[in-house]
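Enquirer: So the chains spell out like this:
Protein chains: 2
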Amino acid sequence: MPEFRYDPLQKRWVIIATERQARPSDLHDSAKYNHLESCPFCEGNEETTPPEVWAIRAPDTPPNSPGWKVRVVPNKFPALKIEAGEIKKGVGYYDMMDGVGAHEVIIETPQHSIDLADLPLEQIKLVLLSYRERLRDLYKDPRFKYILIFKNHGKRAGASLAHAHSQVIALPIIPRNVNIKLSAAKKHYEEKERCLICDLIEQEKDTQTRVILSDNGFFAFAPYASRFPFEVFMAPIKHNYSFAEITDEDLERFSHFLRNILLRIKILLKNPPFNFVLSTSPNTQALPKFPDQWVTIKHDYHWHIDIIPRLVRIAGFEWGSGFYINPSTPELAAQYLREVTIE
Amino acid sequence: MPEFRYDPLQKRWVIIATERQARPSDLHDSAKYNHLESCPFCEGNEETTPPEVWAIRAPDTPPNSPGWKVRVVPNKFPALKIEAGEIKKGVGYYDMMDGVGAHEVIIETPQHSIDLADLPLEQIKLVLLSYRERLRDLYKDPRFKYILIFKNHGKRAGASLAHAHSQVIALPIIPRNVNIKLSAAKKHYEEKERCLICDLIEQEKDTQTRVILSDNGFFAFAPYASRFPFEVFMAPIKHNYSFAEITDEDLERFSHFLRNILLRIKILLKNPPFNFVLSTSPNTQALPKFPDQWVTIKHDYHWHIDIIPRLVRIAGFEWGSGFYINPSTPELAAQYLREVTIE
Numbered sequence: 001m002p003e004f005r006y007d008p009l010q011k012r013w014v015i016i017a018t019e020r021q022a023r024p025s026d027l028h029d030s031a032k033y034n035h036l037e038s039c040p041f042c043e044g045n046e047e048t049t050p051p052e053v054w055a056i057r058a059p060d061t062p063p064n065s066p067g068w069k070v071r072v073v074p075n076k077f078p079a080l081k082i083e084a085g086e087i088k089k090g091v092g093y094y095d096m097m098d099g100v101g102a103h104e105v106i107i108e109t110p111q112h113s114i115d116l117a118d119l120p121l122e123q124i125k126l127v128l129l130s131y132r133e134r135l136r137d138l139y140k141d142p143r144f145k146y147i148l149i150f151k152n153h154g155k156r157a158g159a160s161l162a163h164a165h166s167q168v169i170a171l172p173i174i175p176r177n178v179n180i181k182l183s184a185a186k187k188h189y190e191e192k193e194r195c196l197i198c199d200l201i202e203q204e205k206d207t208q209t210r211v212i213l214s215d216n217g218f219f220a221f222a223p224y225a226s227r228f229p230f231e232v233f234m235a236p237i238k239h240n241y242s243f244a245e246i247t248d249e250d251l252e253r254f255s256h257f258l259r260n261i262l263l264r265i266k267i268l269l270k271n272p273p274f275n276f277v278l279s280t281s282p283n284t285q286a287l288p289k290f291p292d293q294w295v296t297i298k299h300d301y302h303w304h305i306d307i308i309p310r311l312v313r314i315a316g317f318e319w320g321s322g323f324y325i326n327p328s329t330p331e332l333a334a335q336y337l338r339e340v341t342i343e
Numbered sequence: 001m002p003e004f005r006y007d008p009l010q011k012r013w014v015i016i017a018t019e020r021q022a023r024p025s026d027l028h029d030s031a032k033y034n035h036l037e038s039c040p041f042c043e044g045n046e047e048t049t050p051p052e053v054w055a056i057r058a059p060d061t062p063p064n065s066p067g068w069k070v071r072v073v074p075n076k077f078p079a080l081k082i083e084a085g086e087i088k089k090g091v092g093y094y095d096m097m098d099g100v101g102a103h104e105v106i107i108e109t110p111q112h113s114i115d116l117a118d119l120p121l122e123q124i125k126l127v128l129l130s131y132r133e134r135l136r137d138l139y140k141d142p143r144f145k146y147i148l149i150f151k152n153h154g155k156r157a158g159a160s161l162a163h164a165h166s167q168v169i170a171l172p173i174i175p176r177n178v179n180i181k182l183s184a185a186k187k188h189y190e191e192k193e194r195c196l197i198c199d200l201i202e203q204e205k206d207t208q209t210r211v212i213l214s215d216n217g218f219f220a221f222a223p224y225a226s227r228f229p230f231e232v233f234m235a236p237i238k239h240n241y242s243f244a245e246i247t248d249e250d251l252e253r254f255s256h257f258l259r260n261i262l263l264r265i266k267i268l269l270k271n272p273p274f275n276f277v278l279s280t281s282p283n284t285q286a287l288p289k290f291p292d293q294w295v296t297i298k299h300d301y302h303w304h305i306d307i308i309p310r311l312v313r314i315a316g317f318e319w320g321s322g323f324y325i326n327p328s329t330p331e332l333a334a335q336y337l338r339e340v341t342i343e
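Chains as they are written, first to last, in the working numbering: chain A, 1 to 343; chain B, 1 to 343.
So that you can see chain A by itself, here it is in the shape it has in the complex:
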């Protein structure tokens, strides 16, 4: 059983995988893609993954057969287990919880070697639709307080398979970084009765120097305190606390917008490795346990996506301090990204 473990000095939860034990010799190849005889995410290889939990497929095709457009399967080596118990206990000064949660893979296309950025618009929309539907479905389980959807592109960004995919991790606790943002947004709302992210978007529109793209109701900018070169923050201009609430019309608009941003990054930085993280509201259906925290969340939080190209390495300074040295200015990064020509 995987375990959540809490460190009282670092005030941090860590997931410890107790089953698939990494031996020292296993760890040397983590920089490479897994070399498999055939890709488990390709159409026709459906039997090599755990049974699908959700898919967009032709109406006459049975589950776990060809004929799908987007397919969601449990991770074959899950960090967390949906059928775990709910043990929580102290271990001396430490705390421990069973590793309950869900860990799924969203296979973005049946085709092997095509990036999200290069998929047809309709297919990008189906990927985004799958994000929304997985959020809505997993929110029905009140054990899951937060659903993290993210994408690792390229092996240096942590992807272990080359076939385009996103990941979904449903967590029984709200992660520390999310809590920091939630509390900052809540405090801002309490003081001003305005959404902090709406305010930041307005300010970036006025300042202009960090704007990357404003189009179709969505807005992307290089954050003022970007940790990494060419980091991109994007969000809907109109306030919306949760990606689970996005309309079909906005999914359509956002697929245009996201494709545009992904192509700018791909062209300018020559298909860099990157991480892509969706930040959205916690599961409000688990609300009764946290009334204080979440009473204003529909007004104070605002979903957004961060894209972090993995061009520089994290070193001792960053681990030791928790802050970052960025060798380039966001103003210059935004200018470069603005000037890319997308046909």
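Don't read these hints as lab results, they were simulated from the structure. Each hint should be verified, as a subset may be incorrect.
Identical copies look the same in the list; a pair holds intra-copy or inter-copy alike.
Below are the DSBU-like pairs computed for lysine-lysine, each with C-alpha atoms no more than 30 Å apart in a straight line [as the list claims (entries may be wrong)]:
| # | residue 1 | residue 2 |
| --- | --- | --- |
| 1 | K145 | K205 |
| 2 | K88 | K192 |
| 3 | K125 | K192 |
| 4 | K11 | K238 |
| 5 | K89 | K140 |
| 6 | K155 | K266 |
Assemble chain B onto chain A, guided by the hints.
Expert: For chain B alone, coordinates are given in the frame of chain A:
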């Protein structure tokens, strides 16, 4: 001038280097060592670094000439500048400060291709002595609230030059991760009148399963909630809040201990890339401005070193959540590290 920039949503400071601007094409090679015709850290090449600020050298040799054992020079491309102004201002919802600070390199040996782990004991002691002396010297400047000493070993861990070296960054603010630890330690002391790290060491001694080495008054264990495989935490068993206060006798003892740990990691994991971070008290000579925070620091904080082998990659999950999935248990890591034979 480098800038500190604060993000109100992430509650995080970032250092933005505004002078050495990274262009997109500069960023593709960050995984490689810089290839220079001759190494600026080698004996005989002293004129290729900025003038030394401190050195252990033969008494009859002038500064910036051969004849040294450990040499400390300003970083040629500093993230922060010692002669900066002290501008602090709001930028709309953001905050900005001049990038005042110091950024130094400790060259650990005049010889090019020898790791810290393989240096003679006497030389390891001189490296540790240089850590203590740089702390003591930089503490005289009350602008510097925290001095971070760290070491990146191997290019995957962020080292840009192969010649063994550590780095020193003097900061005008206490970094977020350090503040989290300081506040956890302070709260524990307020409740129990005991040091949290002393208590954790006692508990690990009792539990035994995560102990790596107890020797010569120092103690190393695999943290209960290790973020990474084979992470090591080490500290003096006897309470001491600051590495600047370490005695000559303890420097001698700790050089034995550190060498032992570094060799275990090197042998077991085949000379892996790693980051090494010294965590110590903030600059108490800057105390008058922060009486509340620091009144008990000599009792509640306890210096320690974390070593993080860089065997697995950080991906979207970690960026998005701020917590970590560790594919191995610290109990097994400790067992492997305990069982390494050091001649």
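Enquirer: For every hint, state whether the structure bears it out.
Expert: Evaluation of the provided hints:
1. Taking the shortest Cα distances, K145 and K205 never come within 30 Å of each other, neither inside one copy (33 Å) nor across copies (36 Å).
2. For a Cα distance limit of 30 Å, the shortest separation of K88 from K192 across copies, 24 Å, qualifies, whereas the shortest one inside one copy, 38 Å, does not.
3. Taking identical chains as interchangeable, the C-alpha atoms of K125 and K192 are never at most 30 Å apart, the minima being 35 Å within one chain and 56 Å between chains.
4. In this assembly of identical chains, K11 and K238 lie within 30 Å of each other by CA distance solely across copies; the values are 24 Å between and 35 Å within a copy.
5. Proximity of K89 to K140 under the C-alpha cut-off of 30 Å is restricted to the intra-copy arrangement: shortest distance 26 Å within a copy versus 46 Å between copies.
6. Within a single copy, K155 and K266 get their C-alpha atoms as close as 15 Å, and across copies as close as 25 Å, so both meet the 30 Å cut-off.
Of the numbered hints listed earlier, those contradicted by the structure are 1 and 3.
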